[in-house]
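K.L.:
Going down the list, the sequences are from chains A and B. Heads up: the first sequence runs through residues 1 to 275, numbered per UniProt numbering. Heads up: the second sequence runs through residues 1 to 275, numbered per UniProt numbering.
Bear in mind the hints are in silico, worked out from the structure with no lab data behind them. Mixed in with the good hints there might be a few duds.
Any copy, or any two copies together, can satisfy a pair, since identical chains are not distinguished.
[Said to hold, decoys possible] When the alpha-carbon atoms are kept at most 25 Å apart in a straight line, the in silico DSS-like pairs for lysine-lysine are as follows:
hint : residue 1 : residue 2
1    : LYS228    : LYS192
2    : LYS36     : LYS192
3    : LYS192    : LYS181
4    : LYS36     : LYS181
5    : LYS181    : LYS83
6    : LYS79     : LYS36
7    : LYS79     : LYS228
8    : LYS36     : LYS80
There are 2 protein chains.
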Amino acid sequence: MAMEGLWLFSVALSAAGAIGFICIILVLRWVLYFRKGLAWDGGAAEFNWHPVLIVTGFIFLQGIAIIVYRLPWTWQCSKKMMKFIHAALNLVAFIFAVISMVAVFDFHNAANIPNMYSLHSWLGLTAVILYCLQLVLGVGIYLIPATPVSWRAAFMPLHVYSGLLLFTSVIAVALMGITEKLIFALDNPKYKDSPPEAILVNALGVLLVLFGALILWIATRASWKRPKDQILHTLHSNGGGEDNIKVDSASSQLSDGADAEACADVRKRTTKFDD
Amino acid sequence: MAMEGLWLFSVALSAAGAIGFICIILVLRWVLYFRKGLAWDGGAAEFNWHPVLIVTGFIFLQGIAIIVYRLPWTWQCSKKMMKFIHAALNLVAFIFAVISMVAVFDFHNAANIPNMYSLHSWLGLTAVILYCLQLVLGVGIYLIPATPVSWRAAFMPLHVYSGLLLFTSVIAVALMGITEKLIFALDNPKYKDSPPEAILVNALGVLLVLFGALILWIATRASWKRPKDQILHTLHSNGGGEDNIKVDSASSQLSDGADAEACADVRKRTTKFDD
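Isolated chain A (complex conformation) (with noise of 0.2 Å):
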């Protein structure tokens, strides 16, 4: 199935993973080189956890499972299939935020530092609960077979929008955090006098909104869309007793050689309907 806009697509995928990229990059050089390294010992190599794994679990793991139906090479993948890696990249992005959390506690403990007084706070540990409310409505709703295919649509708009909207979310909390963290952290030469520490994670403060920007641009185009599995689906519904054949020979037509063996599952999808 070719996809319309395959080119555009392409540039933005690509920019997106490279921009995703050189985040990860920039928030390891952060702690790596301007702040103490990673330990988990209470003090501020543990804290040091928190921005590493929010930016690469809770931001880019979370990008990647929120556009993962849109990668035209995976439309021959089934359904369901994908339904797990986009769970399974969330629940990764969950344990990451939840760790990052623990991280921060920790350290706050340690060096004697309240908990939950900043708004970065009190809006992050909002977002990492709604986004756990999330995964357990989308694992209950979307892959639980049991679950009636009408309360699937119905909820359908509501999961997309929370999804996006918790997305944003995470990125403007992470924003607060850079801008907390570099005024209590920096000090002769302070934020105000823009050392290079300073303009490094501006830097990555930028990039991170270019990465959300390009997700949600990706998420949001409506040709971009996984297709409808309208082949196997017309041919379904075509024909009663011949259903196998034709199904084998939609399959291979769709499987087109190399992930055949991967995906053979799509073989499945003729009989029930995909959400």
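Here the structure of chain A is known, so what remains is to put chain B in place on it, guided by the hints.
P.N.:
Same frame as chain A, but now just chain B:
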């Protein structure tokens, strides 16, 4: 023309209006009660115009500008009139944003604080510049009659995406600004001691996010979009010489009494395409 889900729309719109209104009250309470009030003297009271103008103009008015086409009681008004209202609200929001930036530069310069060193300032200035570009392109493409209809249609997805992204970014930048200001301004008790001012302004930040979330929800529901002027358009494309009679009948059908005068130019719509 009836709106699908009018009850839910009314709830979302009322909530957005109420929350936006509370945000304006809170930002005024912040600067008038906890800070040094409002003045144009190069000091802290001049800085205070910054949050006040951003919340009232760049966030509240911009939010209203975004959803102005969604208000069902405007659907009988001409699209052209609504475009002017949309542009005017955005223009006022832009002017508020520019004045609010002047206030900060004046304050920084008088107090010998460097300008443009923080991520807040980088992203904020970028947002204002791109907002200006969006305004100029929007007027050029949708309000200047000479622009070809095909250009208008081709640019629309980018216009909508940029508009929503800029609105979201402005809120994110405001949250960073709140974070900065509370850290810099609160001293004995500090931000981390959670004095009443910190709680009030954190609450303002949470409400700004809720306001943004409601505006984005309202703006992205397909069923709440202003209907294409189907009735009039259908009538127009059906016949040739009988246009005037048909148009008048459709017009009075749409105007529905009260707003007939205000929206009299609805009649003109049938002679050209609206975008």
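K.L.:
For each hint, tell me whether it holds in the structure or not.
P.N.:
Right, here's what the structure says about each hint:
In this homomeric assembly, LYS228 and LYS192 never come within 25 Å of each other (Cα to Cα): the closest approach is 53 Å inside a single copy and 51 Å across copies. For the homomeric pair LYS36 and LYS192, the shortest alpha-carbon distances inside one copy (22 Å) and between copies (23 Å) are both at most 25 Å. In this assembly of identical chains, LYS192 and LYS181 lie within 25 Å of each other by CA distance both inside one copy and across copies; the values are 13 Å within and 13 Å between. Taking the shortest alpha-carbon separations for LYS36 and LYS181, only the intra-copy value of 14 Å comes in at or below 25 Å, while the best inter-copy value is 27 Å.
In the homo-oligomer, the alpha carbons of LYS181 and LYS83 never lie at most 25 Å apart, since the shortest distance is 36 Å inside one protomer and 43 Å across protomers. Taking identical chains as interchangeable, the C-alpha atoms of LYS79 and LYS36 are never at most 25 Å apart, the minima being 44 Å within one chain and 59 Å between chains. Only within a single protomer do LYS79 and LYS228 lie at most 25 Å apart by alpha-carbon distance; the minimum there is 9 Å, versus 34 Å between protomers. In the homo-oligomer, the alpha carbons of LYS36 and LYS80 never lie at most 25 Å apart, since the shortest distance is 43 Å inside one protomer and 59 Å across protomers.
Of the numbered hints stated above, those contradicted by the structure are hints 1, 5, 6 and 8, listed in ascending order.
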